[in-house]
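Student: Spelled out, the chains give:
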Amino acid sequence: MPKTLFDKVWERHIVVPETEAHPATFYIDLHLIHEVTSPQAFTVLRERGLKVRRPDRTLATIDHSTPTKVNPDGSRPYVTAQAETQVETLLANAAEHGIETHGWESDNRGIVHVMGPELGATQPGMTIVCGDSHTSTHGAFGAIAFGIGTTQVGHVLANQSILMRKPKTMAINVNGQLAEGVTPKDVILAIIAKIGIGGGTGYALEYRGNVFEEMSMDGRMTVCNMSIEAGARCGMIAPDETTFSYLKDRKFTPENYDAACADWASLATDEGSVFDKEVHIAAEDIRPMVTYGTHPGMGMAIDAVIPAAVDATDESALDYMQLKAGAKIAGTPVDKVFIGSCTNSRMEDLRAAASIFKGRKVASNVTAIVVPGSVLVKARAEDEGLDKVFIAAGAEWREAGCSMCLGMNGDIGAPGDLVVSTSNRNFMGRQGPGVRTVLASPETAAASAIAGVITDPRKMESAA
Amino acid sequence: MTFAPLTTVTSRTLVLPLENIDTDQIMPAKFLSMTTKAGLGEHVFANLRYDAKGNLTDHELNSEDGKACEILVAGHNFGCGSSREHAPWGLTDYGFRVVISSEIADIFRGNSLKNGLLPIVIDKRAHQWLLDNPGADVTVDLDSCEVRLPRNGGTYKFDVDAFSRHCLMEGVDEMGYLQNQDDAIAAYEIER
Ligand code: SF4
Numbered sequence: 000m001p002k003t004l005f006d007k008v009w010e011r012h013i014v015v016p017e018t019e020a021h022p023a024t025f026y027i028d029l030h031l032i033h034e035v036t037s038p039q040a041f042t043v044l045r046e047r048g049l050k051v052r053r054p055d056r057t058l059a060t061i062d063h064s065t066p067t068k069v070n071p072d073g074s075r076p077y078v079t080a081q082a083e084t085q086v087e088t089l090l091a092n093a094a095e096h097g098i099e100t101h102g103w104e105s106d107n108r109g110i111v112h113v114m115g116p117e118l119g120a121t122q123p124g125m126t127i128v129c130g131d132s133h134t135s136t137h138g139a140f141g142a143i144a145f146g147i148g149t150t151q152v153g154h155v156l157a158n159q160s161i162l163m164r165k166p167k168t169m170a171i172n173v174n175g176q177l178a179e180g181v182t183p184k185d186v187i188l189a190i191i192a193k194i195g196i197g198g199g200t201g202y203a204l205e206y207r208g209n210v211f212e213e214m215s216m217d218g219r220m221t222v223c224n225m226s227i228e229a230g231a232r233c234g235m236i237a238p239d240e241t242t243f244s245y246l247k248d249r250k251f252t253p254e255n256y257d258a259a260c261a262d263w264a265s266l267a268t269d270e271g272s273v274f275d276k277e278v279h280i281a282a283e284d285i286r287p288m289v290t291y292g293t294h295p296g297m298g299m300a301i302d303a304v305i306p307a308a309v310d311a312t313d314e315s316a317l318d319y320m321q322l323k324a325g326a327k328i329a330g331t332p333v334d335k336v337f338i339g340s341c342t343n344s345r346m347e348d349l350r351a352a353a354s355i356f357k358g359r360k361v362a363s364n365v366t367a368i369v370v371p372g373s374v375l376v377k378a379r380a381e382d383e384g385l386d387k388v389f390i391a392a393g394a395e396w397r398e399a400g401c402s403m404c405l406g407m408n409g410d411i412g413a414p415g416d417l418v419v420s421t422s423n424r425n426f427m428g429r430q431g432p433g434v435r436t437v438l439a440s441p442e443t444a445a446a447s448a449i450a451g452v453i454t455d456p457r458k459m460e461s462a463a
Numbered sequence: 000m001t002f003a004p005l006t007t008v009t010s011r012t013l014v015l016p017l018e019n020i021d022t023d024q025i026m027p028a029k030f031l032s033m034t035t036k037a038g039l040g041e042h043v044f045a046n047l048r049y050d051a052k053g054n055l056t057d058h059e060l061n062s063e064d065g066k067a068c069e070i071l072v073a074g075h076n077f078g079c080g081s082s083r084e085h086a087p088w089g090l091t092d093y094g095f096r097v098v099i100s101s102e103i104a105d106i107f108r109g110n111s112l113k114n115g116l117l118p119i120v121i122d123k124r125a126h127q128w129l130l131d132n133p134g135a136d137v138t139v140d141l142d143s144c145e146v147r148l149p150r151n152g153g154t155y156k157f158d159v160d161a162f163s164r165h166c167l168m169e170g171v172d173e174m175g176y177l178q179n180q181d182d183a184i185a186a187y188e189i190e191r
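For the protein sequence lines, the chains are U and X, in the order given. According to numbering that gives the first Met the number 0, the first sequence is numbered sequentially starting from 0. According to numbering that gives the first Met the number 0, the second sequence is numbered sequentially starting from 0.
For the record, the hints were derived by calculation from the structure and aren't laboratory data.
Result set (DSS-like, lysine-lysine): computed pairs, CA atoms no more than 27 Å apart in a straight line:
{"no.": "1", "chain 1": "X", "residue 1": "Lys36", "chain 2": "U", "residue 2": "Lys50"}
{"no.": "2", "chain 1": "X", "residue 1": "Lys123", "chain 2": "U", "residue 2": "Lys276"}
{"no.": "3", "chain 1": "U", "residue 1": "Lys165", "chain 2": "X", "residue 2": "Lys156"}
{"no.": "4", "chain 1": "X", "residue 1": "Lys123", "chain 2": "U", "residue 2": "Lys193"}
{"no.": "5", "chain 1": "U", "residue 1": "Lys167", "chain 2": "X", "residue 2": "Lys123"}
{"no.": "6", "chain 1": "U", "residue 1": "Lys167", "chain 2": "X", "residue 2": "Lys156"}
For each label pair, taking beta carbons as the anchor points, the in silico distance ranges come out as:
{"no.": "7", "chain 1": "X", "residue 1": "Gly40", "chain 2": "U", "residue 2": "Gly415", "range": "25 to 35 Å"}
{"no.": "8", "chain 1": "U", "residue 1": "Gly175", "chain 2": "X", "residue 2": "Asp122", "range": "35 to 45 Å"}
{"no.": "9", "chain 1": "X", "residue 1": "Gly175", "chain 2": "U", "residue 2": "Ser265", "range": "35 to 45 Å"}
{"no.": "10", "chain 1": "U", "residue 1": "Glu17", "chain 2": "X", "residue 2": "Asp122", "range": "22 to 32 Å"}
{"no.": "11", "chain 1": "U", "residue 1": "Glu10", "chain 2": "X", "residue 2": "Asp182", "range": "18 to 28 Å"}
{"no.": "12", "chain 1": "U", "residue 1": "Glu10", "chain 2": "X", "residue 2": "Lys156", "range": "24 to 34 Å"}
{"no.": "13", "chain 1": "U", "residue 1": "Gly195", "chain 2": "X", "residue 2": "Leu47", "range": "23 to 33 Å"}
{"no.": "14", "chain 1": "X", "residue 1": "Ala186", "chain 2": "U", "residue 2": "Val273", "range": "27 to 37 Å"}
{"no.": "15", "chain 1": "U", "residue 1": "Leu90", "chain 2": "X", "residue 2": "Asp136", "range": "42 to 52 Å"}
Only part of the chain X face toward chain U is listed, based on derived beta-carbon distances under 7 Å:
{"no.": "16", "residue": "Asn76"}
{"no.": "17", "residue": "Glu84"}
{"no.": "18", "residue": "Ile184"}
On a predicted model such as this, the values are computed, not experimentally measured, just so you know. In this text, a Cβ means the ideal position worked out from N, Cα and C, and glycines have one as well.
Next comes chain X alone, as it looks inside the complex (with noise of 0.2 Å):
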C-alpha cells in the first residue's frame, strides 16, 4: 500500500501508440481473479506480450531496456473502462512511475496516484513529439511540475492535484489521512 516517494524520474519512455487503450488492454481479466498484488507486472499488456499459445513475444514490453523504462507514453485516452485497480498494480510492479497521454480516464487516474503511479495528461505538441521519439531520455520533475524533453523538444507544465502530489512526493497513502479524521467522521455520523 505504500509506496517509495516520488520526486524526479528521468528514463527512457516505452512508447504505446495506441489510442483508447482500457484497463483490460492493460490487465485482462483473466488475471483479475488473483487475491494478492504481487506478480501481476508479468501479466501487464499480456495480450502485446504472449501469443496465443502462451510464449513471449518479442515486443518491446518484455526487452530488458523496456523492462528498465520508467516512463510510459501512450496513445490518446489512456485507462478508459473498468474501475479495476490491478490495472496500475500491474503497471506499477512491472516498475512503470509515470504514464503520460493527452487524455487519461477519470477512474484510472485515480487509482494511480493512489498507487504510487503519476498520471501525467500533457499538452498534445508535447504528447505528438513523445510518440514521435520513442525511448527518449525524458524527466518528470513533480516538484516543479514539469516534464523536460531532450534535444530541442522543450520543457511542458503538467498539473496534479495538490494533495496526490504532497501524497506521492511523501510516498503516503490516503488511508493513513483518512484514519486522522477519525473525529470528524463520528461527529458527522452523530450530527447528520
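Chain U on its own, in the form it takes in the complex (with noise of 0.2 Å):
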C-alpha cells in the first residue's frame, strides 16, 4: 500500500503500537530544550529520582529569555531577575545530566528552531520534539517535529518517548508560479487565511507541490514554522537535493552521508497516496501579504482593503488593531519593525530585509530592531556586510535570541505601538500590553520601516 512521507516516519519510530485502549509509544530522535520549558521537568526527574535516559539525543541552548544587548561593560542587561535565574537553571541543568548546551560561549547558540538544522542536528526522517509550538520548523527536513509542553518535556528526559496517537493527515498543495515578490512568508499566511487557525487541528500537513520544491530550506522551514498557526502540531516538506545538500558537512551529518542520503530519499510521498484530506491553493493566486487581526489566519494581501468583520470576534480584532474596514492597509503608519524570529531570522531572511534597506533610511517615526536567529547568522551577516547596510540605514543590529518575537526578554513595544514583524503570533499584548503586531515578510517589514508606513515590498523595488 502507498505510504505518506508522515506515515513512513510514523511507522519507524513505534515502540508500543496504540490500541483503542492506549496511546502509541512513540520513539524520540532529538530533543531539543531551552529554558523555559524545561525547569519543571527537571524539578519532576529530580523529585522522582530520575536520571535523562540520552543525553546524547538531547541538545540545550538559551533563547527565549536572553537578552539581546550587551552592557558597555560585558554585563547582559536581563529584563528581570526571573530571566536570569531562568537562564542559569538551564545551563546548571544541562551541565548536571551531561547535555551538549550552546550557551552563551557558543558559535551556534541561538533560537533553538535555527540552531538544529544549523548543526545538522535535525535529519530527514527523524522524530524531533521541543518544549515550543514552532518545533514544526523542522518538519522542513522530512522529519516528524512537534512542539510538547513541560510534562512530556519530562517524560522524554526519561524515556526518549512520549504517549501519542496517530494524527490524520492532510495535503496542502501549492502549484504553479508564484508572482515577483512573493516570499514564502507570504505562501504560508496565505495557507493560514485559507484554512484558518483551526483548520489543520488534528492533523499533519505535507506541503506538496512545485513551489516547496522550488524553495530554498530557509523558505520551508519559514513554511513549516507557521504550521500551528494553522492549529497542525506538525508539518512537513519531502528531503529531496535541496535538503541533503544542505545537510552536507554540518556538525552532525552522518559520517555515512551517501547511504544517509539514500535512506532519506526514500522517505518521499508514494505515488497513489490517499491523505485524509487535501487542499488546493494555486500559486498564481498568492500576493504579499500581511495581518490585519489579532490571529495569524487574519490575513489580507497588501494590496487589498481591509475585509468586513464577519463576527464580533472579527469587530474586537479590528477595534484592537484600530484599523477600520473597508480602508487600504498600506499607508497605515508605523512605528517598530521587528525582523527576526524562528520564521525570519535566517540568512535568506537577513538578505531580502538588507536589499530593502540598502542604501535607504529608516523613516524618523520607525524604529527598527533586526535580531539574527543565532550567533551563526549574526557571524555569516556580518561577513556579507549586512549589518553595516542595517546600522547604515538606521536599524538595530542585536544579539541572537528570541526577542520581540514574544517580548521575554523585555524586548516590547509601547502600548498602541504598531509593530511590522516577521514572527508568527499577531496575539493581543504578545509584543507588549496594547501592542497592535502585523505580521509580514522581512521584504515587507524592511519597506514599512523605509516607508514609515504599511507598503508593498514591490512598489518599493519599483521605485529605486
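Hints are included, so try docking the two chains, each in its own frame, into the full complex.
Tutor: Written out as C-alpha cells, the structure reads:
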C-alpha cells in the first residue's frame, strides 16, 4: 500500500503500537530544550530520582529570555532577576545531566529552531520534539517535529519516548508560478488565511507541489514554522536534493552521508497515497500578505482593502488594531519594525531585508530592530556586510535570540504601537500590552520601516 | 505531577464567552519565567483580572463565587496559540477541573489531560446553552462521558480518549506508565 511521508516516519518510531485502550509509545530521536519549558521537568526528574535517558539525543540552548543587548561593561541586561535565574537554571540542569549545551560561549547558540538545522542535528526521517510550538519548523527536512509541553519534556528526558495517537494527514498542494516578489512567508500566511487557525487541528500537514520543491531550506522552514498557526502540530516537506545539500558537512551530518541520503530519498510520499484531506491553492493567486487582526488567520493581500468583520470577534480584533474595514491597509502608520524570530531570522531573510534597506533610511517615526536567529547567522551576516547595511539605514543590529517575537526578554513595544513583525503570532499583547502586531515578510517589514507606513515591497523595489 | 482522581464534577459554571482565547490570554508570557508551578492560579487570565496598575478588577474571576467554580465554559476555539503548559497549570491551580468549549486546540487539550484538567468539546447547541446560562449548576460525569445541564438543558455525550480517561479517573500520570515500558524502549533502541 502506498504510504505518505508522515506514515513512513511514524512507523519507524513505534515502540508499542496504539490500541483503543492506550496511545502509541513513540520514540523520539532528538530532544531540543531551552530555558522556558524545561525547569519544571528537571524538577520532576529530581523528585522521582530519574536520570536523563539519552543525553546524547538531547541538545540545549538559551534563547527566549536572553537579552539581545550587551552592557558596555560586557554584562547582560536581563529584564528581570527571574529571567536570569531561568537561564542559569537551564545551564546548571544541562551540565548536571551531561547534555550538550549551546550557551553564551557557543558559536551555535541561537533560537532553538535555528540552531538544530544549523548543526545538522535536524535530519530527514527523524522525530524531533521541543517544549515550543514552533518545533514544526524542523518538518522542513522531512522530520516529524512538534511542540510538547513541560510534562512531556519530562517524559522525553526520562524515557526518550512519548505517548501519542496518530494524527490524520492533510496535503496542502500549492502549484503554479509564484508572482515576482511573493515570498515563503506570504505563501504560509495565505495558506493559514485560507484554512483558518483551526483548519489543521488534528492533522499532520504535508506541503506539496512545485512551489515547495523550488523553495530553499530557509523558505521551507518559514513555511513549516507556521503550521501550528493553522492548528496543526506538525507540517512536513519531503526531503530532496535541496535538503541533502543543506545537510552536507554540518556538525551532526551522518558519517555515511551517501547512504543516509539514499535512505532519506525513500521517505517521500508514494504515488497514489491517500491523505485524509487535501487542499489546493494556485500559486498565481498569492500576493504579498500582511495580517490585519489578532490571530494569524486574519491575513490579507497587502494591496487589498481590509475585509469586513464577519462576527463580534473580528470586530473586536479590528477595534484593537485600530483598523477600519473597507480601508486600504497599505499606508497605515508604523511605529516599530521587528525582523527576526524562528520564522524569519536566517540568512535568506536578512539578505532580503538588507536588499531593501540598502542605500535607504528608516523613517524618522520608526524604530527598527534586526535580530539574527543565531550567533552563526550573525557572524555570516557580518561577513557579508549586512550589519553595515542595517546600521547605515538606522536600524539596530542585535544579539541572537527570540527577542520581540514574544518579548519575554523585555524587547517589547509601547502600548498602542503598531509593529510590523516577521514573527509568527499577532495575538493581543504578545509584543507588549496594547501593542498591535502586523505579521509580514522581511521584505514587507523592511519596506514599511523605510516608508514609515505599511508598504508593498514590490512598489519599493520599482521606485529604487 | 499527580492529581486527585476525577469522576464526577458538579459545579456552577464560570463563562468566558470570548472566542479564540489563546494560551497567552490564559497565562501571559511574563509569567513563563517562573521556574515553579505553585501560585500560577493567581496569574491565570491576568489581563482580565488586573488593571494596568496591577489592581484587581471586578471581573467574576476575582469574586468568591468565581473562585468556587470548577467548570469553565469558554467561547469557540479555546487554548490556541503557544504550547505553554503554564496555561493548564494556572487553570488547575485556580481550581478548575473541567473546561468546556465547542472547539479546543490540540496541544492545550493534550497538556490539560496530562495535568488533571478535563477538556470537553461539546455539541454546538449545548455550548450555546452554556454560554446563555452562566452560573448554571452543571454535572460532568467522566464515567458515562456525559454533561448534564440543569432544568431542561438536556444531557450531552462527549468524547475523551480512553487512556486519558483512565488516567484522570485513577489520578495516575503518564510518567509512571512510560517508566513501566522501559524494557520495550530498550529493545527498540537495540533493534533499530
Ligand atoms: S522566536 Fe518566537 S516562536 Fe520562535 S522559539 Fe522564540 S519565542 Fe518561540
